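Peer 1: What follows is each chain in one-letter form.
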Amino acid sequence: MTALTTTGWWRDESREPLRRNLGLIGVLVALFGIGAIIRPDLYGDPQWVVDNTLVILQQAAAIGVVTVGMTFVIIGGGIDLSVGALIALAGVWSTTVATQSFGAGGMIFTAIIVGVLAGLVNGVLIAYGRLVPFIATLAMLVAARGLAAQISGKQTQVSNDQFINGLASSKVLGIPSLVLVLLAVAGLGWVLLNRTTFGRRTVAIGGNQEAARLAGINVRRHTMLLYALSGLCCGIAAIMLTSLATSSQAAAAELYELDAIAAAIIGGTLLSGGRGTVTGSLIGVVVFATITNLFAIANLPTEVQNMVKGGIIVFAVLVQQLKFKSVKQLLTRT
Amino acid sequence: MLGVAHLSKRFDPVQALDDVTLDFPGGTVTALLGENGAGKSTLVRIIDGEHLPDTGQVLLDGQPVGLHSPRDARRHGIRVIPQEPEIVPHVSVAENVYIGALSKGFLFHGASLRKRVEQHIARLGFERMLRPDTLGRDLTPAQRQLVEILRALTTPAKVIAFDEPTSSLSEHEVTALFTLIRRLRDEGLAIIYVSHRLAEIFQIADRIAVLRDGKVAGVVAAQETTERAVVSMMVGRDLTTMFARDHVATTEPVLEVDEVNGISLTVHAGEVVALAGLVGAGRSEFCRALAGDLPIRGGSIKVDGQPVTIKHPWHAIRAGIVYAPEERKAQALLLGRPVRDNIVLAVLNRLRRWRFVRRRDESELARHFVNRLNVRTPTVGQLVSKLSGGNQQKVVLARWLARQPRLLILDEPTRGIDVGAKAEIYQIIAGLARDGMGILVVSSELPEVLGLADRIAVMKDGRVTGVLGRAEASEEAILSLAMGES
Numbered sequence: 051m052t053a054l055t056t057t058g059w060w061r062d063e064s065r066e067p068l069r070r071n072l073g074l075i076g077v078l079v080a081l082f083g084i085g086a087i088i089r090p091d092l093y094g095d096p097q098w099v100v101d102n103t104l105v106i107l108q109q110a111a112a113i114g115v116v117t118v119g120m121t122f123v124i125i126g127g128g129i130d131l132s133v134g135a136l137i138a139l140a141g142v143w144s145t146t147v148a149t150q151s152f153g154a155g156g157m158i159f160t161a162i163i164v165g166v167l168a169g170l171v172n173g174v175l176i177a178y179g180r181l182v183p184f185i186a187t188l189a190m191l192v193a194a195r196g197l198a199a200q201i202s203g204k205q206t207q208v209s210n211d212q213f214i215n216g217l218a219s220s221k222v223l224g225i226p227s228l229v230l231v232l233l234a235v236a237g238l239g240w241v242l243l244n245r246t247t248f249g250r251r252t253v254a255i256g257g258n259q260e261a262a263r264l265a266g267i268n269v270r271r272h273t274m275l276l277y278a279l280s281g282l283c284c285g286i287a288a289i290m291l292t293s294l295a296t297s298s299q300a301a302a303a304e305l306y307e308l309d310a311i312a313a314a315i316i317g318g319t320l321l322s323g324g325r326g327t328v329t330g331s332l333i334g335v336v337v338f339a340t341i342t343n344l345f346a347i348a349n350l351p352t353e354v355q356n357m358v359k360g361g362i363i364v365f366a367v368l369v370q371q372l373k374f375k376s377v378k379q380l381l382t383r384t
Numbered sequence: 013m014l015g016v017a018h019l020s021k022r023f024d025p026v027q028a029l030d031d032v033t034l035d036f037p038g039g040t041v042t043a044l045l046g047e048n049g050a051g052k053s054t055l056v057r058i059i060d061g062e063h064l065p066d067t068g069q070v071l072l073d074g075q076p077v078g079l080h081s082p083r084d085a086r087r088h089g090i091r092v093i094p095q096e097p098e099i100v101p102h103v104s105v106a107e108n109v110y111i112g113a114l115s116k117g118f119l120f121h122g123a124s125l126r127k128r129v130e131q132h133i134a135r136l137g138f139e140r141m142l143r144p145d146t147l148g149r150d151l152t153p154a155q156r157q158l159v160e161i162l163r164a165l166t167t168p169a170k171v172i173a174f175d176e177p178t179s180s181l182s183e184h185e186v187t188a189l190f191t192l193i194r195r196l197r198d199e200g201l202a203i204i205y206v207s208h209r210l211a212e213i214f215q216i217a218d219r220i221a222v223l224r225d226g227k228v229a230g231v232v233a234a235q236e237t238t239e240r241a242v243v244s245m246m247v248g249r250d251l252t253t254m255f256a257r258d259h260v261a262t263t264e265p266v267l268e269v270d271e272v273n274g275i276s277l278t279v280h281a282g283e284v285v286a287l288a289g290l291v292g293a294g295r296s297e298f299c300r301a302l303a304g305d306l307p308i309r310g311g312s313i314k315v316d317g318q319p320v321t322i323k324h325p326w327h328a329i330r331a332g333i334v335y336a337p338e339e340r341k342a343q344a345l346l347l348g349r350p351v352r353d354n355i356v357l358a359v360l361n362r363l364r365r366w367r368f369v370r371r372r373d374e375s376e377l378a379r380h381f382v383n384r385l386n387v388r389t390p391t392v393g394q395l396v397s398k399l400s401g402g403n404q405q406k407v408v409l410a411r412w413l414a415r416q417p418r419l420l421i422l423d424e425p426t427r428g429i430d431v432g433a434k435a436e437i438y439q440i441i442a443g444l445a446r447d448g449m450g451i452l453v454v455s456s457e458l459p460e461v462l463g464l465a466d467r468i469a470v471m472k473d474g475r476v477t478g479v480l481g482r483a484e485a486s487e488e489a490i491l492s493l494a495m496g497e498s
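Note that the protein sequences, when read in sequence, are chains L and Y. If you read the first sequence in my numbering, its first letter stands for residue 51, the second for the next number, and so on. If you read the second sequence in my numbering, its first letter stands for residue 13, the second for the next number, and so on.
Because the hints were derived from the structure by calculation, they are not lab data. Every value quoted in this text rests on a predicted model; they were computed, and no experiment measured them. Glycine included, each C-beta is placed from N, C-alpha and C at the ideal position. Honestly, I wouldn't trust all of these hints.
[Claimed, not checked] Residues from chain Y shown here face chain L by an in silico Cβ test under 8 Å; the list is partial: (1) A303; (2) P307; (3) Q343; (4) L345; (5) G348; (6) R349.
[As the list claims (entries may be wrong)] Computed list of chain Y residues with no C-beta within reach of chain L, every gap over 10 Å: (7) S20; (8) L34; (9) L151; (10) L210; (11) G230; (12) F255; (13) A344; (14) L363; (15) G432; (16) D473.
[As the list claims (entries may be wrong)] Residues from chain Y that keep clear of chain L, each with C-beta distances beyond 10 Å, as calculated: (17) P37; (18) S104; (19) A123; (20) F138; (21) E176; (22) V186; (23) G311.
I would like the entire structure built from these sequences, with the hints used as guidance.
Peer 2: Structure below.
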């Protein structure tokens, strides 16, 4: 059996996430190439390319933050369908007249607390109430949108706070603030997943919940915390969206749950849990944002764009199922 | 009746089968023996049509048959009874039996189906073990196997191969299975019987075919050989001492259990105590209660003389009681993760520096235990699912040894493990006892119980019916306590 050690670095199991991510970066390069073919005039201008990249990242920022939380939940063996609704609820709650009277700090605090608490409700229902994650968070999706509509009276709530409104258009060292927020959240998420016991336990629980429990991990508490973490990300994303629109409404962040799940999946996160990377999810988000951007540049309608997105999800998962070895075999066979 | 001629099959880089020629005559039970990786499973899969051989052919009544799928095999009357049969959880036994045959015809008549299955069960004499109305999810492993056998017999079968059928059966279920196998043999079927358990092979087999490294190491008549001879044929060397016995039990109690769920038991430092009994006697339940997996009702538990309260697995682990469960893959291993992650799982907190864990520390710890327990893996980054059963069990042991426990509970520690790895596990257990750990072993294999244990507690119906010292222990003494004969 020792003959099994015929390895190159790319065959090593622990390198698999890296292989996946390189594949996704390949997709990004291909998208860039398509853009360059469609609009050589724009892509020929380096300054435009830099600006456009920042625009893409700015658009990816809020959904990216949500995807980081979603990645943790899915790796831990769950799913969170309520993220879009939680963003709307946190956004609406933090932009009521009463909350706005506390200034930017009060608004940010409110959004985060609302997100975390709603996430905790999800977590308690799933971990201690033994509800299936799909059902618990589906119920939260419906209820949170309802509560958001109730609070806002179905009106768009305009933000009057200068700091919040200015956040989206401000830059630090030439990089938009929202992009920096995304990078910070993703960086913290990466550390949390890869360098802390919390992250290791998340992977263990998603990989084999029974084994994790018998190994002495408090699986219920941990599961609850995962949904609170997702809620926290929703709170942060709510502030980012409020800043972009300078307002909040109950219908905000519609279908964000599907975008976040899709981004995590094409980023290599296993829907059944136990495997996934923050980096992969992040690149997944950027791939989707790049497609949206490409369609805007090419002046194509969103209908076509959604069809392409659907295709990309299927394609990405199909490609990931092919082991590197079999790809090699396919290439050498012909 | 069934034969294979010059079969070879290569799974890069392993030559799984190398020019194997064997025959399996009708009216005969032929045992197929060999260590893990010897090629038994590959051979069975080729007969089942799941794998195609690279060269060579499968012959049925002297004629070559092309087997491209399990469907082909079934059409030719060849059935393989897998170790863990696929059972649909939410439908009845009757429907489970006919699940493959339902595709014929469009109409579905539940009552007549039920009646047919009932007749089959009666014909085989299993009325007391299996009801046609039981739902799939409520079946015990023995009943699942029966369902699979019934499936095989609903179509005309010529050859039936059993792949380690007894690994999850209790003694009396094994007896019932053997009665059935003998009856099938006497009806003229060719029976192929794959197993690791030598004792039962000598009970059931007429001929023994041994595979080693993908080649036929020998074919002998069961009556003309001995266990010793077969084992040395399997491993290519003479395993004189499977059990290392150089540890001495002390009188210092590590675990004192007083009336916990009706059971009192003491394990001393450096002592191996075995829990013997039939499947369903409550041995695993008692162990799982000690491990915090099942509720503890009444009584008291002391570890090293200190009373402990156990309500969750982590209470037990903190108290120094660790538990390697029966179902390695379902309950202990993260199959999709590398060896390293599996080993460090229970000691993550101890690896933490400034709240962070470092991969380098994890790998170092994992490598230490991989070397200490001789886990055969190219690197600690290898997926644990790619290791053999024996090495997977060593990984589970490594996880718990990293906690430096006081009491190690092993539930069926050598199930599904080949002879060579078993001997290694026994040596590890003896070594741990020598270092002063208390060890509680649950095992259904009597030779293992007798070889390993300093004392044997025999259980029946959730109670300890007797404790045997080394001198008074014998298979008969254990069985009479386990079955309640006095």
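Peer 1: Which hints, by number, does the structure contradict?
Peer 2: Violated hints (numbers, rising): 2, 13, 14; every other hint is consistent with the structure.
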